[in-house]
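K.L.:
Below are the chains, spelled out letter by letter.
Number of protein chains: 2
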Amino acid sequence: MSVTAAAGFAASGVHAGIRREAPDVALVRSLEPAVGGALWTTNRVQAAPVEVSRRHLALAEPQAVVVNAGVANAATGERGVEDAERTAEEAARALGLEAEEVVVLSTGVIGVPLPMDKLLRGVREAAAALSPDGGDAAARAILTTDAGPKQAVAARAGFTVGGMAKGAGMIHPRLATMLAVVTTDYPLEPGEADAFLRPAVDASFNRISVDGECSTNDAVVLLANGASDVERSAETDAAFAAALGEVCGALARAIVEDGEGATVLLEIRVRGAASEEEAVAVAQRIATSPLVKTATFGRDPNWGRVLAAAGSAPWNGGFARVDPSRLTVAYDGVVVFERGVPTGHLPELAGSAVAIELDLGLGDGAASYLASDLTYDYVRLNAEYTT
Amino acid sequence: MSVTAAAGFAASGVHAGIRREAPDVALVRSLEPAVGGALWTTNRVQAAPVEVSRRHLALAEPQAVVVNAGVANAATGERGVEDAERTAEEAARALGLEAEEVVVLSTGVIGVPLPMDKLLRGVREAAAALSPDGGDAAARAILTTDAGPKQAVAARAGFTVGGMAKGAGMIHPRLATMLAVVTTDYPLEPGEADAFLRPAVDASFNRISVDGECSTNDAVVLLANGASDVERSAETDAAFAAALGEVCGALARAIVEDGEGATVLLEIRVRGAASEEEAVAVAQRIATSPLVKTATFGRDPNWGRVLAAAGSAPWNGGFARVDPSRLTVAYDGVVVFERGVPTGHLPELAGSAVAIELDLGLGDGAASYLASDLTYDYVRLNAEYTT
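Residue numbers (my numbering), protein chains in the order written: chain H, 489 to 875; chain B, 489 to 875.
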């Protein structure tokens with residue numbers, strides 16, 4: 489499953505003792521020469537493994553990914569960089585690779601050094617445990633406060649894309665991170681991975697919000713080993729792009745569904761914006777509005793808050809263009825506000841999914857966003873676990 | 489007190505029946521010819537009274553301000569504009585003014601039309617009740633879910649500045665708004681009010697966050713009637729600017745202290761930023777971070793979340809410049825992170841005020857922000873009052 493669904497990949501997950509009981513070191517390895525790429529957090533404060541892995545990817549094509557959970561190795565200074573480097577070296581030694589061919593990811597507490605003895609032992613154990621059936625074990629070993637593993641597979645004629653992810657917001661005190669590792673046996677040339685990854689990530693992981701936070705460790709890594717021997721064409725490239733988008737979309741949705749304290753999956757669909765950029769800005773502003781999110785928790789179709797949020801979406805140094813007299817808003821298909829006038833209809837909201845649709849009536853820009861609601865449990869999870 | 493502290497102003501507050509029991513119509517009038525100005529919400533969705541009052545201020549100097557609470561007259565289409573216009577006309581008739589000399593403000597439920605019979609009767613009653621002692625009554629008649637009236641006065645040699653405000657976030661379902669009315673007997677020339685108001689508002693109302701929301705009705709209005717007959721000079725202008733800043737600052741602080749569900753007044757002080765704009769961006773990002781705000785509620789000096797927020801402060805299409813290796817963070821004076829390295833010190837947080845200080849170590853940019861914490865009561869207030 490997940491990262492071992494595609495041909496030519498092995499994975500494992502072991503308990504190294506960084507976390508008390510849960511598995512905490514995962515390894516993913518391509519069994520044939522692979523190419524790959526990654527997209528990283530844009531936070532100005534970046535964890536040491538992000539810095540080290542970026543450097544590795546600039547030097548070589550990645551053949552393996554090591555992930556540890558429990559300690560994020562962020563805000564750890566020079567020592568953190570050395571620790572990330574040593575982790576890659578240890579994995580490379582165990583796997584017969586160069587250190588530069590290893591991507592290192594960490595998730596967990598910020599500001600605490602990695603317990604290197606435990607971690608390096610875990611890396612050696614994980615290397616010994618590598619298996620073509622190890623996808624599940626790997627997907628479990630990258631979690632922190634997640635309710636469960638997040639995996640997705642898209643099988644196509646001739647090739648497969650599979651992935652695993654973790655993340656439920658930056659929910660634990662000093663815990664960071666959304667991580668995803670995606671593997672495929674589709675053949676890519678060196679340097680091509682990012683070009684496929686970018687649009688897939690933009691439409692998935694970049695369109696979700698649990699709490700609007702951006703962590704120091706966020707990363708999405710793609711490994712492609714060509715083990716499928718599919719004959720590439722414009723058609724298969726399009727099929728691969730679609731499969732990659734499907735896997736990223738499913739993993740992103742799983743992250744929001746597991747958002748801390750979440751009781752509702754809120755889908756915001758904006759169309760008719762003056763530009764696509766503005767559609768994204770408006771959807772994101774609504775998806776991160778505490779008032780919209782608390783109203784959603786209360787199953788309240790509070791379109792006044794949606795209007796106020798839509799009208800204050802940061803864009804281009806000001807706010808995205810919104811003209812209330814052209815704006816139409818619907819909840820679960822029921823139009824509550826139509827071109828500037830309340831319709832008087834208010835739907836009953838119930839269940840665990842709510843769709844808010846906006847037609848801005850200005851142009852062709854469209855975008856969707858997935859969000860969780862803001863609940864007592866979100867506050868509890870983030871306030872009560874004090875240091 | 490408040491809007492009647494300066495010489496030559498009268499005010500009143502009456503119960504017109506828009507709200508069930510509380511007073512809901514306030515009137516402030518200058519007894520001598522005044523000049524004035526206002527700053528408005530920048531939300532793209534603006535309430536009808538904002539549209540009407542902007543137009544009035546472009547045509548004439550304001551002599552009176554009418555405020556109603558209970559209904560925001562936002563998202564009410566053409567009818568809303570006519571209602572706001574009729575309110576100004578009724579006030580003008582009762583006061584012997586032109587409609588253009590009246591500023592109209594509303595706060596309350598979005599998407600519901602004003603009950604005009606009640607409101608116009610209230611306006612007539614408020615006009616009849618005007619008194620130089622009416623500041624308190626006016627300050628009470630502009631509230632919605634506020635815990636109590638918010639007033640401030642700064643008396644200087646020769647002149648006085650006084651003000652009232654309402655706002656505790658956009659807390660009630662479909663309720664909007666931060667409103668402030670400030671009066672002074674300091675002599676200003678026509679057209680000068682905005683130039684004094686802008687820096688005072690930028691350093692006060694624009695540096696607070698209860699929930700990061702920007703309402704459809706936010707407004708700050710200044711009336712200056714020159715009743716003090718103070719002799720103007722560069723010195724008195726500076727004294728007036730300082731007094732105006734003091735009143736706006738006190739009102740802004742009162743709004744945050746009354747933030748919905750707030751248990752802590754969080755003060756964020758950023759210095760050493762590459763520019764002042766970036767200092768504001770970083771302070772604002774921290775002040776609106778759900779993770780920092782829940783940690784504050786939990787009295788958790790969670791500097792990892794502060795770092796992650798500081799590193800992702802939107803600025804200039806990207807993030808404000810932050811270099812963790814130059815960054816120092818302190819909680820209540822205790823340095824927890826110093827130029828890239830955790831110090832190991834963690835202060836005990838207790839009480840109802842927390843100060844987080846950041847030195848970015850990059851330049852001379854500095855800014856402060858006041859925020860409330862994110863609590864169970866915030867969620868309760870905003871989720872449970874369903875429509």
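Rather than coming from a laboratory, the hints here were simulated on the basis of the structure.
Each hint should be verified, as a subset may be incorrect.
Pairs involving identical chains hold if they fit within one copy or between any two copies, as the list cannot separate such chains.
Only pairs whose alpha carbons sit at most 25 Å apart, straight line, appear in this in silico SDA-like list of lysine to any residue [stated by the list, open to error]:
1. LYS606 with ALA683
2. LYS606 with VAL823
3. LYS606 with GLY832
4. LYS606 with ARG814
5. LYS606 with ARG567
6. LYS606 with ARG759
7. LYS606 with GLU520
8. LYS606 with THR831
9. LYS606 with GLU765
10. LYS606 with GLY496
11. LYS606 with GLU570
12. LYS606 with ALA838
13. LYS606 with VAL641
14. LYS606 with VAL829
K.L.:
Run every hint past the structure and note whether it holds.
P.N.:
Structure-based check of each hint:
no.	hint	result
1	LYS606 with ALA683	neither (37 Å within a copy, 63 Å between copies)
2	LYS606 with VAL823	neither (57 Å within a copy, 30 Å between copies)
3	LYS606 with GLY832	between (62 Å within a copy, 22 Å between copies)
4	LYS606 with ARG814	neither (60 Å within a copy, 31 Å between copies)
5	LYS606 with ARG567	within (16 Å within a copy, 70 Å between copies)
6	LYS606 with ARG759	neither (51 Å within a copy, 40 Å between copies)
7	LYS606 with GLU520	neither (29 Å within a copy, 79 Å between copies)
8	LYS606 with THR831	between (62 Å within a copy, 24 Å between copies)
9	LYS606 with GLU765	neither (46 Å within a copy, 44 Å between copies)
10	LYS606 with GLY496	neither (29 Å within a copy, 76 Å between copies)
11	LYS606 with GLU570	within (16 Å within a copy, 72 Å between copies)
12	LYS606 with ALA838	neither (47 Å within a copy, 36 Å between copies)
13	LYS606 with VAL641	neither (32 Å within a copy, 63 Å between copies)
14	LYS606 with VAL829	between (63 Å within a copy, 23 Å between copies)
Figure legend: structure checked against the earlier numbered hints; hints not met, in rising order: 1, 2, 4, 6, 7, 9, 10, 12, 13.
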